[in-house]
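S.K.: Two independent chains are provided; combine them into the complex using the hints.
So the sequences go chain by chain: E and P. Residue 106 is where the first sequence starts when you use our numbering, and the numbers rise one by one after that. Residue 21 is where the second sequence starts when you use our numbering, and the numbers rise one by one after that.
If you're looking for bench data, these hints aren't it; they were derived computationally from the structure. Be careful, since some hints might not be right.
Covered, in the sense of this in silico footprint (three residues per stretch, anywhere, with C-beta under 8 Å from a C-beta of chain E), are these stretches of chain P [said to hold, decoys possible]:
| id | segment |
| --- | --- |
| 1 | 82-93 |
| 2 | 163-170 |
| 3 | 224-232 |
| 4 | 338-345 |
Here are the simulated DSS-like pairs of lysine-lysine, each with C-alpha atoms no more than 30 Å apart in a straight line [as the list claims (entries may be wrong)]:
| id | chain 1 | residue 1 | chain 2 | residue 2 |
| --- | --- | --- | --- | --- |
| 5 | P | K257 | P | K221 |
| 6 | P | K151 | P | K130 |
| 7 | P | K203 | E | K113 |
| 8 | P | K377 | P | K203 |
| 9 | E | K113 | P | K31 |
| 10 | P | K203 | P | K257 |
| 11 | P | K377 | P | K31 |
| 12 | E | K113 | P | K143 |
| 13 | P | K203 | P | K221 |
As the structure is a prediction and not an experimental result, all values here were calculated from the model. C-beta: ideal position from N, C-alpha, C; glycine also.
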Amino acid sequence: MCLGIPGKIVAITENQLAVVDFNGVRREVSLMLCPELEVGDYCLVHVGFAMQRLDPAEAQETMELLDQFLEASGESS
Amino acid sequence: MNPHKNQDEGKLASRLLQEITALADSPMRLMEVCGTHTVAIFRSGIRSMLPSGVELISGPGCPVCVTPAGEIDRAIALSRREGMILATFGDLMRVPGSSSSLQEERATGKDIRVILSPLDAVKIAEENPDKTVCFFGVGFETTSPAIAAAVMEARRRGCANFSLLSSQRLIPPAMRALLSAGKVNIDGFILPGHVSVVIGKAPYCFLAEEFGLPGVITGFEPLDILEGIYLLLRQRKEGRTEIEIQYSRVVQEEGNPRARGIMGEVFAPVDARWRGLGTIPQSGLMLRDGFSQMDAAQAFDLPYEEIEEPPGCLCGEVLQGLVRPPECSLFGTRCTPEDPVGPCMVSTEGSCAAYYKYGRGDEG
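If we strip away everything but chain P, and leave its shape as in the complex, we get (with noise of 0.2 Å):
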């Protein structure tokens, strides 16, 4: 621990809130899209410091809050299959499905299993050749390379008993989306830091040049948030309007191009379903036509079936920042973090399980 370090990032934070406070003259509504961001704002109080004019809405960035109910579905009607072994990410296991979840499955005997690299599920694979291992992949494209990565080692290593069941979701989509419904109210963007460290800047330009709107990649820790909302701030106040990396330590303007590339290599875009968006043209991805003896959805012949939200739910809202989650009439009372309702109270990047966990933070 260097206390220099801690006493300098202090000096900074307060002169960045200076900035802030001088530059928010009128109302500034900025929404944070990645789930990552909404929990680092509220761990760090970051809304109770700001101006009153700054106001931070929190968006669709979390990868399992905008799963569908049907999707844990199809994956837990893959558990139940003789002989099945299902990997998945733990952040997918208490989630909802119609009637049940990955972690209930489990207790009942089913073998799901926790990983945390996609490659585990390959060498799940190799050690159980007489079994049949389904990842089931959810992410955004900061994972994708990953998945598509262990799709190609699979094949590499011969794994004929490997299969898996995506459910990965694209940013840039949503949020053209978003935008083009028209219902929310935003004045700039605090953008994803690692799905950037994939993409780069460019997908996000189309915010700026059609939408007017400013956006800055940002980095998670308070300093970093701090200087993202002042960048975006000091852009207003300048006639600014275009994207910009504050997080430039890790973020490169190109992104990684060899993950986008191996990501290519084995999916194609498709339009997925999300939860609370619906369905956005081109914002899922899909094994290729080379890979798609890979592809568990085909495979096992898994229909798919829209399972409506559960009654009183405001997820769909939350997610698309219409509604803050307190403005739930379950929040707190049905729908806690111990007996979730809906996703956003489930996932610990959930809007819902921030508010809940750590207060509103903006009575300040």
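In isolation and in its complexed conformation, chain E is listed as follows (with noise of 0.2 Å):
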């Protein structure tokens, strides 16, 4: 049940209400739970919130980083 959906801030309206983009599924999520949100920032949605600002870039970091990591303990070992 903790299901969580990334998708992308396409735009805000009244009262911390923003349009989130789930990969081209618009729906309206509440921005109460993360007010510092964006037009342009990607989240994480749990019914109908968005729970925490999501960066994409850093996804792809953490797996190179994981990826340099297991190449040096594989040459050590």
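M.R.: Structure below.
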């Protein structure tokens, strides 16, 4: 039940409500729990609420770091 | 679709599996606490890829599974009241109470509505001023801030006909209860990624400090889960016992303080009953005094009746990681997803349903 879906904020309307694009499907999402979010930000959405800002570049970086780490540990073992 | 991405991920996955195999020189029993992890692990076939020394055990982290039948009965009693609209998440509809389910009640004409967001319940209240609208709010820390926000929104909009039947539960107290009972044998925890988006890392530190068990806050992609398992094995190899965050692209160490703030403003911790685990101190959430006029349990004088588990049902043991679903004599015979006896077979995130759908997945 704790599913979270990543989406991109395409508009912010009145009263802490945003329009979020989930791979082409748009839904209204509340920003009450993450009022700092801006248009263009990616966020994790759960039951109609943005829960956390996401950084897509960081996701890629984390993976590259893991790759480098495994490379290094593979060489040393 | 980026084909290179898939290739890279496949390469990374097999490298992680190599590392896991190299580190699994003695048995390691890991509990995935969260039902969303249970499903992700089965769906990806991770169990069958792991070396035999690494065992994954499902824990109590499916909110639907741990909701006692007595609380379903209360929701059903509410839905039978004249002029009542009961709103809840779809996952709850098929969970059996003592003699009926919300789905069966709806089929007999009760106004029960499945909603995707707690705010939808507030909207329903606004659109139906002549009706009483009750939101049957089930969930862990991931969902509680959203429920709290909806309660605040109902008050802001002056919806006097809105109320909440709170059936929320907190994960760290349940983990403490599980370990304090001393029945289950675990060497580490794959910790829930989205609960941690809200609560952060600190509430898990007692696992390492008091029980000497490591934990890794883990994401839900197959690569995330493999990395979580790898990090747990690496802690053992390096002689460390701590709480780490694998899912750092989403989870901040401090969680989401604003979400916790709203949750704390609206709810106070309270002792709560868990199916299979009994009453756990300070593991539930009740509306604070300032919001008690919205408390459906008080407003409608709903007594709670303890319901005995169906004879032969081992959901309680399954939820504590003490038995695996196929060890239950009802599994796959009298209890199937089409005609479930216990909640772990009803919920798509229940471990019985996952075992039934995907097979044991560990014959390997």
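S.K.: Each hint needs a verdict: does it hold in this structure or not?
M.R.: Each hint, compared with the structure:
1. 82-93: holds (count 3)
2. 163-170: Since 4 is at least three, the answer is holds.
3. 224-232: Since 0 is below three, the answer is violated.
4. 338-345: violated (count 0)
5. P:K257 to P:K221: Roughly 22 Å separates the two Cα atoms, so the pair holds.
6. P:K151 to P:K130: With a Cα-Cα distance of about 13 Å, the restraint between K151 of chain P and K130 of chain P holds, given a limit of 30 Å.
7. P:K203 to E:K113: violated (45 Å)
8. P:K377 to P:K203: Holds: K377 of chain P and K203 of chain P sit about 28 Å apart, inside 30 Å.
9. E:K113 to P:K31: holds (29 Å)
10. P:K203 to P:K257: Holds, because 26 Å separates the two Cα atoms, which is no more than 30 Å.
11. P:K377 to P:K31: Holds, at about 28 Å.
12. E:K113 to P:K143: holds (24 Å)
13. P:K203 to P:K221: holds (25 Å)
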